[in-house]
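Number of protein chains: 2
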Amino acid sequence: MSRLVMKFGGTSVANVERIRNAARHVKREVEAGREVAVVVSAMSGVTNELVAFCQEAAPIYDHSEYDAIVASGELVTAGLLAIVLKEMGFNARSWQGWQIPLLTDDAHGAARIAGIDGAKIISGFADKQIAVIAGFQGLHAATGRVTTLGRGGSDTSAVAIAAAIGADRCDIYTDVDGVYTSDPRIVHKARRLERVTFEEMLEMASLGAKVLQVRSVEVAMVHKVKLFVRSSFDDPAKPNSGTLICDEEDIVEQQVVTGIAFSRDEAQLTLRRVADKPGVAAAIFMPLAEANINVDMIIQVVSDDTTTTDITFTVPTAEFARAKAILEDRRGAIGYATLQGAQDVVKVSAIGIGMRSHSGVAAKAFKALADKGVNIRAITTSEIKFSVLIDEAYTELAVRTLHSLYGLDAAPVG
Amino acid sequence: MSRLVMKFGGTSVANVERIRNAARHVKREVEAGREVAVVVSAMSGVTNELVAFCQEAAPIYDHSEYDAIVASGELVTAGLLAIVLKEMGFNARSWQGWQIPLLTDDAHGAARIAGIDGAKIISGFADKQIAVIAGFQGLHAATGRVTTLGRGGSDTSAVAIAAAIGADRCDIYTDVDGVYTSDPRIVHKARRLERVTFEEMLEMASLGAKVLQVRSVEVAMVHKVKLFVRSSFDDPAKPNSGTLICDEEDIVEQQVVTGIAFSRDEAQLTLRRVADKPGVAAAIFMPLAEANINVDMIIQVVSDDTTTTDITFTVPTAEFARAKAILEDRRGAIGYATLQGAQDVVKVSAIGIGMRSHSGVAAKAFKALADKGVNIRAITTSEIKFSVLIDEAYTELAVRTLHSLYGLDAAPVG
Numbered sequence: 001m002s003r004l005v006m007k008f009g010g011t012s013v014a015n016v017e018r019i020r021n022a023a024r025h026v027k028r029e030v031e032a033g034r035e036v037a038v039v040v041s042a043m044s045g046v047t048n049e050l051v052a053f054c055q056e057a058a059p060i061y062d063h064s065e066y067d068a069i070v071a072s073g074e075l076v077t078a079g080l081l082a083i084v085l086k087e088m089g090f091n092a093r094s095w096q097g098w099q100i101p102l103l104t105d106d107a108h109g110a111a112r113i114a115g116i117d118g119a120k121i122i123s124g125f126a127d128k129q130i131a132v133i134a135g136f137q138g139l140h141a142a143t144g145r146v147t148t149l150g151r152g153g154s155d156t157s158a159v160a161i162a163a164a165i166g167a168d169r170c171d172i173y174t175d176v177d178g179v180y181t182s183d184p185r186i187v188h189k190a191r192r193l194e195r196v197t198f199e200e201m202l203e204m205a206s207l208g209a210k211v212l213q214v215r216s217v218e219v220a221m222v223h224k225v226k227l228f229v230r231s232s233f234d235d236p237a238k239p240n241s242g243t244l245i246c247d248e249e250d251i252v253e254q255q256v257v258t259g260i261a262f263s264r265d266e267a268q269l270t271l272r273r274v275a276d277k278p279g280v281a282a283a284i285f286m287p288l289a290e291a292n293i294n295v296d297m298i299i300q301v302v303s304d305d306t307t308t309t310d311i312t313f314t315v316p317t318a319e320f321a322r323a324k325a326i327l328e329d330r331r332g333a334i335g336y337a338t339l340q341g342a343q344d345v346v347k348v349s350a351i352g353i354g355m356r357s358h359s360g361v362a363a364k365a366f367k368a369l370a371d372k373g374v375n376i377r378a379i380t381t382s383e384i385k386f387s388v389l390i391d392e393a394y395t396e397l398a399v400r401t402l403h404s405l406y407g408l409d410a411a412p413v414g
Numbered sequence: 415m416s417r418l419v420m421k422f423g424g425t426s427v428a429n430v431e432r433i434r435n436a437a438r439h440v441k442r443e444v445e446a447g448r449e450v451a452v453v454v455s456a457m458s459g460v461t462n463e464l465v466a467f468c469q470e471a472a473p474i475y476d477h478s479e480y481d482a483i484v485a486s487g488e489l490v491t492a493g494l495l496a497i498v499l500k501e502m503g504f505n506a507r508s509w510q511g512w513q514i515p516l517l518t519d520d521a522h523g524a525a526r527i528a529g530i531d532g533a534k535i536i537s538g539f540a541d542k543q544i545a546v547i548a549g550f551q552g553l554h555a556a557t558g559r560v561t562t563l564g565r566g567g568s569d570t571s572a573v574a575i576a577a578a579i580g581a582d583r584c585d586i587y588t589d590v591d592g593v594y595t596s597d598p599r600i601v602h603k604a605r606r607l608e609r610v611t612f613e614e615m616l617e618m619a620s621l622g623a624k625v626l627q628v629r630s631v632e633v634a635m636v637h638k639v640k641l642f643v644r645s646s647f648d649d650p651a652k653p654n655s656g657t658l659i660c661d662e663e664d665i666v667e668q669q670v671v672t673g674i675a676f677s678r679d680e681a682q683l684t685l686r687r688v689a690d691k692p693g694v695a696a697a698i699f700m701p702l703a704e705a706n707i708n709v710d711m712i713i714q715v716v717s718d719d720t721t722t723t724d725i726t727f728t729v730p731t732a733e734f735a736r737a738k739a740i741l742e743d744r745r746g747a748i749g750y751a752t753l754q755g756a757q758d759v760v761k762v763s764a765i766g767i768g769m770r771s772h773s774g775v776a777a778k779a780f781k782a783l784a785d786k787g788v789n790i791r792a793i794t795t796s797e798i799k800f801s802v803l804i805d806e807a808y809t810e811l812a813v814r815t816l817h818s819l820y821g822l823d824a825a826p827v828g
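The listed protein sequences derive, respectively, from chains A and B. So for the first sequence, my numbering puts the first residue at 1; every next one is plus one. So for the second sequence, my numbering puts the first residue at 415; every next one is plus one.
Excised from the complex, chain A in its bound form (with noise of 0.2 Å):
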């Protein structure tokens, strides 16, 4: 028989009566013979209504107690589509993360997964129960006390539920009907993915394509776990397609590009004039580092005397202050004539598995930018993806330039 997770976001579940919606995709699976198990956020709008209150108590909470306050909304939503299914005429029973359990380690607030007890969960199939689990909550063994795994966290929920029990799928029922090339609010052309292979999506994940949490595409990836991001706006009866994240082997037709992702929240800083000699990126990056300041693309070009060099690299939106402030202060250390910075850029990224095997992806890139009149600031490339840095006004003009340069635009309509 073949078995399946559920997972089902805030959206999907924002009121009673999204919740009786998702009940009827949980009916039509049971129907067709699967043994499921639900994986369910809280309606939207309660964690931030339940983070506030934290927020309000006290401004720097404790994380133990925020995670005991925050994890609760997920119970409601578990409870709620359990009374549902049973209404409905379903065998159905709704576990809290302790119950299952899933254990974490106690990194409150932004727990990982040590193991997970599929047996209850497993044997109630045999009683044909519905599992509806409360995603984003687990326990910490030792102390007893309830984590969470960060925002988004229902999803690697379900991903490692889906592990446990031996599913053979992980339905992601979300706000969108899958994965696309690119933003459909920015690139009109966008088309949705059949098919994606987890480490393409991986760098489309954290290259700000909102879909999915990071954390459940590793997961996903390492226990070969094939996830499916589906709309549960569809008719429950007659469900249309979604996207496939799985292993290469599983997509037979390998684009070479096969999506266009953009991050706005970049941040860059240029070092002017600094003494080029070694260790002197390490005196600029090791004091970023042990901040806790990602640093991401870095560029070094040989300034106009020889003795000296001009860096450039970026950090997040957010880190920007705080990384120009430890620079300055350590600007005798470094030994630099100007730090200049600049928040108006964007990192636009090209993605695809094929890039591995074909060369100058990114060279044709760089020639139909430049055609267009955009400026590279600074560029990074891996295996399977590359990324410019340009100013922020060309976004829409970059990434639909690349869209369509790698043939990733749908064909026109009629």
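Rather than coming from a laboratory, the hints here were simulated on the basis of the structure. Incorrect hints may appear among the rest.
[To be verified] Derived coverage of chain B by chain A (criterion: at least 3 residues anywhere in the stretch with Cβ under 8 Å from a Cβ of chain A; other residues may be distant):
#, stretch
1, 456-469
2, 490-498
3, 504-518
Every value quoted in this text rests on a predicted model; they were computed, and no experiment measured them. Where is the CB? At the ideal position from N, CA and C, for every residue including glycine.
Dock chain B against the given chain A, drawing on the hints supplied.
Relative to the frame of chain A, chain B by itself:
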């Protein structure tokens, strides 16, 4: 070292500002050198909202899921109070019912406490840790599921925890400053009682004084836990007094009558010309008992002819229609001429442990009411109370008359 349980109800933790105020009451007790366990209800309105979700999900919902859902409200308050106490510099942690554990039977929705392990809470006291406990909830050990103790159950949680950890007293913080000789909205001369016995409080609670859940008083009486009802709206630095609910021997000077209670939740049924023969009472009251209808006052009077009697009794207003239908169904079996009903009746009661040793207490009342032209439809008495059923229109007059009669009126101000 003295040990205290402090319980805060819904209006006392209605928002983060009120929770901060509750924390100041806790601070006062801790700084006075007491070991403190705090029991909290859900923020006011939250439980009603969760119950409404259940009702919307299914007309007849699963009670184990109902419990999983409604118990979540208290988790939020407990976590927030712990955060606030830590912010104030105290060691504090929240406890969910299953973490203690507070064990119950599996009567979901109205579970009874089976046992509480106070060890973890007491060992926290050794680290000067304040225990902040989510009220209203427990764990059924065999199924591992969350249970709740019924509406108002946090009072019972608090008293049972006080017994389990050997607390010297259990303070119930609410939105009134104690137990009154009568409802101050009706009797403007009502006074706050300094002390009242468990037995009197039980009668008052079940007769319509809504300060405390009845079961919490029962548990307190059995385990000899002194209960102190007081206001959370007092200045935490200089709190006023409240009402101590305690053993008879802790009350030096007994009043004959301690309070006048009344309940509008009464409906009267009268069967005219019932055959005056053995077995007729059983024919009437057995079917009602089987339908779980609680019959309260019963009087039987000889009617016009001597072979039949009239039987009058009361049921809760909510059961009036059902009781009437049952009796109409059985008209043949019982054998009566007519069935009359009245819903505009009220039960007025005088309660006082001193009645045990004073005779003629009720007789004085019958005379005083007759003097005011109040017609008495039925009477019941017990060792420490008597009740009269009268027309609802005379409620205020009767309650005030008895309040004055037994010397309960406050001295005029000024």
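Results of checking the hints against the structure:
Restraint check on the stretch 456-469 of chain B versus chain A: 3 residues with Cβ-Cβ distances below 8 Å, three needed, restraint holds. Three residues within the 8 Å Cβ limit are the bar, and the stretch 490-498 of chain B against chain A gives 7, so the coverage statement holds. Evaluation of the coverage hint for the stretch 504-518 of chain B: fulfilled, as 5 residues show C-beta separations to chain A shorter than 8 Å, against a requirement of three.
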